[in-house]
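S.K.: In order, the protein sequence lines correspond to chains A and B. Counting in numbering that gives the first Met the number 0, the first sequence runs from 0 upward without gaps. Counting in numbering that gives the first Met the number 0, the second sequence runs from 0 upward without gaps.
Check the hints yourself; a few may be wrong.
Claimed, not checked - Output of the computed footprint for chain B on chain A, the stretches with three or more beta carbons under 8 Å from beta carbons of chain B: (1) 36 to 42; (2) 50 to 63.
What the hints assert, rightly or not - 30 Å max Cα-Cα, derived DSBU-like pairs, lysine-lysine: (3) B:Lys294 / B:Lys192; (4) A:Lys247 / B:Lys249; (5) A:Lys171 / B:Lys218; (6) A:Lys171 / B:Lys295; (7) A:Lys187 / B:Lys249; (8) A:Lys171 / B:Lys192; (9) A:Lys247 / B:Lys154.
Stated by the list, open to error - Part of the chain A face toward chain B, derived, beta carbon under 8 Å: (10) Gly18; (11) Ser22; (12) Phe74; (13) Val90; (14) Ile158; (15) Tyr218.
It is worth saying that the hints were derived from the structure and are not from the lab. A virtual CB, placed ideally from N, CA and C, is assigned to each residue, including glycine.
Here are the chains, one letter per residue:
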Amino acid sequence: MEQQIVKVKNKKGVKVIPGFGLSLGVTLAMLGCLVLIPLASIFISAAQLSFGEFIETVTSRQVVSGYIVSFSCAFFAALINVVFGVILAWVLVRYEFPGKRLMDGLIELPFALPTAVAGISLTYLYSDQGWIGALFDKIGVKIAYTRIGITIAMVFVGIPFVVRAVQPILEKLDRQYEEAAAMLGAGKLYTFFRVILPELFPAMLAGFGLALARGIGEYGSVVFIAGNIPYKTQIAPLLIMTKLEQYKYADATAIALVLLVISFLLMLVINSVQIYMQRFSKA
Amino acid sequence: MSEKKKQRMYDQDVSGDGIHSIQKVIEPPKESSRPVIKYVLIGVSVLFLFVMLILPLIVVVVNALGDGWAAYQEAVLDEYTVKALMLTLLATVTAVAVNTIFGVFSAYLLSKFYFRGRQVLASLIDIPFSISPVIAGLVFILTFGNIGWMGDFLKAHDIKIVFAVPGVILATIFVTFPFVFRELFPVLNAQGKDEEEAAALMGAGGFTIFRRITFPHIKWALLYGVILCTARAMGEFGAVSVISGHLRGKTNTLPLHVEILYNEFNTTAAFAVSSILVLLAVLILIARNLVEWKKK
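Looking at chain B on its own, in the form it has when it is part of the complex (with noise of 0.2 Å):
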């Protein structure tokens, strides 16, 4: 390697800190070296992000606008749309509240405690993600349904579960409810459990201790599984759609309700809708950024 390029090196790297440029110095980046493979493999990457990624997206917004403004107003303004996303949300904050719940308590639970099972007890929660979004609404028929074995006990009480509002929101937990945990589990082992033992073995109290000490450790892991928690909570299609019946204005979903209208061949409608699907999803990505970047 000649001594110029060695030299016109340092000076592409110096923006970092001192200690790594020097590095990279000594390490024959692979930028320089080779431009084309570089060019090549960014020219496939952005090709693949915009035809994959990018493109269902444009689609959705000029469908979304297809037939002017006022028809995409009345389609967002329906009726039904507007108490399918009131739905939406409900289900969506319901199942934020109680998967945060249960990942604080059992992420803490697996880093700070070693017992017997404790494996075991981690694959379990993990269950939820491994499974077929359909299969999780159709254990909830097979639960509460008519056919379920809690079916008579529910029935003689008058409580509806399947084919009502509590069933949407059941499915919604049952395939968000490792999110949370997945995210915190990691960050709470890693920080170990010394400082936990200090506080206690200073007198702290196990709220004083999860408040002062635990929770300034997880804060943006636990921002950050929320976020996760959300997007896919709102999104949720298969076990939803098993479970909800498809009563319009009343366990509709919005993604529910953007497959009625697909199917009835309301094309712009079901764009429409998808289009306030979009505008949530890109919030929710913007979010996710900037907490990471925070985090760092």
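Bound conformation, chain A alone (with noise of 0.2 Å):
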């Protein structure tokens, strides 16, 4: 007792709870042994490639273009996200209505739902005979088997990341600030752009980034209504499981290398945004 009453006094009580070393332990070993070490593996698989076949294999026109559609159906699809998921926030947080429970815990499905159930049934729903792209079919527009099928299903993955990003700062938004606003004869419209946006600017990017990263690296979900067209709807993390089905192990490696690093200089630029913007508004 009296060793331990000193411990406190000397280090701050840093190791007054017991239970250090073997928490340490576990989740080091846990940790080590089931993500770090195979992660490892990739870089120590893409040590193995020359510099130039590297350069070569993620700068072919497939690799290439595979990037791209990833990229834009991911950042098109985090975009309308963002502008649904905060109406979504909004009615859930300030209206009153019967069904709001039950909206409230649909906002999980995509969690839930298998993404591979996810990805034949939009698939059958926005094909040419689908009940919504036989209605676009008519005026000329294809949905499955292009970008904007790959965008519509990643727009299903990533809605639920922005709805819980922004409803807890929505819950906790002072309305002080808009009965301010209204005081001094602001309309309601400038209202929300000039005061409310701005105070839910970093939750919404936070969302965004999720969902971003969602759609960057969904698989299940959007193989079905890409329909794989080389050069047109060919995703990323498509052209490394086809690899992989070619034996084409360094391939695969390299073009999963180039994604992780994009992905991570991605969440690294939005956090850095999300910081600076929190010390700016305090500032």
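Make one complex out of these two single chains by using the hints.
M.R.: Structural data, given as structure tokens:
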């Protein structure tokens, strides 16, 4: 007892609670064996490639178009998700109406529904004969097997991220600001864009980043609706898959490495902007 | 604002507690001032959710039963479907168990102790979250496959991981790795460590502290994390697809079985098998909402 009390005073209580060694050991062992060591393999394999080979693989026309399809569709899907995500969060926080609880519970459906099921179901819905696809087919717009279809699948998987990022911030937002804006003569729309939106922006950005990352990596729900037409609707994860099926492990590794690096950079940029904005708004 | 209007707003808000309703009277509530915007926004939300989320579910059910009840039963009770369901359950249960153990230990570690590299460790745990599932599968092939650096060792000892059940389980664990941790960590972090410190100073052992003090704080968050982890593990497609080798009856999980049936143009069977997964997903959603409601 005595010893422990002395420890508290000297070391600011760092080691008073027992279990540090055990939990550190378990955490590091599991993280290392299950995540870090396998992940290191990708760098080990990539190191075996010569620089020339690596560049040749990742700049081939098919691979570059794969990256472009993945990133552009994920970007537009994340934008759409931000718009609808803010509307949904707003409706769920600010309004009372019958069925609100059901609506709130439904938001997580894309998390719970296996991606392959979402994939075949969306493909059926948006194909030429499908319930929605047939409507658009009449006006000459094809959705399934085009980039529009890929974007829709990415909207599906990304929507919970934005809603769940914005909702808590909107709940905490003090309505006095809105009231003050109204008192000073601002219109509803002006208040929304100049008072509420800046407060929500960091959360929207976080949701955007998560939806974007999910969209770029998404495979199951996108692969069916994409139709995999070379140079047009082949997404980057699918290219990795194709290379693996041809036993071209080196190519697959190279494509994966670039995808990893770009995703990490994107997240880094979004995190930095978020931190910068938080500082800026406090200053 | 007229006195009459204020009174009406007050009448609408009396459902809440007294303080709350008074506050609401002072604030200009959005709902009563511009009902048009309210209904338009609710309409947009309902339409969006119906088209994006509900309609795909209806498609699954309608197509699954499209060829009648007998065809549905046949597809669902098919030998390969049952085997795929068993593997999915095995992989899900294992992944949830492993990630729960990890989640509890790591959340305890990162919230109760301050040490160098704590932030780095927290971001390392989140890695599987931002990685494409296809890449998650790829890393296991590059580790344990024929070309992997563990490949020769595994071959010498006749252990099969890639294109076998262990690979499927490992990939499932990988993609769901941070789920339980992410639910537990904020709760434990907000709780602080005063209570644990007090207990330790009064002479309680590590296990007693966890059982009597830490655990009661995290039980709902833990259940919530387990539910999310189950949902993701059950539906994982990309990572498992890379590593399973699609051996029917052996390494096929339910989502992979759906893909095979769909690619064979056996649409009814594909949607019938999907309907099992939809049912599980709806059950998970209900469980999630019950936990959410209990937490409050």
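S.K.: Give a verdict on every hint.
M.R.: Structure-based check of each hint:
1. 36 to 42: With 5 residues close enough to chain B, the hint holds.
2. 50 to 63: violated (count 0)
3. B:Lys294 / B:Lys192: 21 Å, holds
4. A:Lys247 / B:Lys249: Answer holds: Lys247 of chain A to Lys249 of chain B is near 25 Å, not above 30 Å.
5. A:Lys171 / B:Lys218: 25 Å, holds
6. A:Lys171 / B:Lys295: 16 Å, holds
7. A:Lys187 / B:Lys249: 60 Å, violated
8. A:Lys171 / B:Lys192: 26 Å, holds
9. A:Lys247 / B:Lys154: Holds: Lys247 of chain A and Lys154 of chain B sit about 21 Å apart, inside 30 Å.
10. Gly18: 4 Å, holds
11. Ser22: With a minimum Cβ separation of about 4 Å from chain B (threshold 8 Å), the hint on Ser22 of chain A holds.
12. Phe74: Violated, about 16 Å.
13. Val90: The hint holds - Val90 of chain A has a Cβ within 8 Å of chain B, the shortest such distance being about 5 Å.
14. Ile158: This interface hint holds because 7 Å falls under the 8 Å limit.
15. Tyr218: 4 Å, holds
In this structure, the hints that do not hold are numbers 2, 7 and 12, in rising order.
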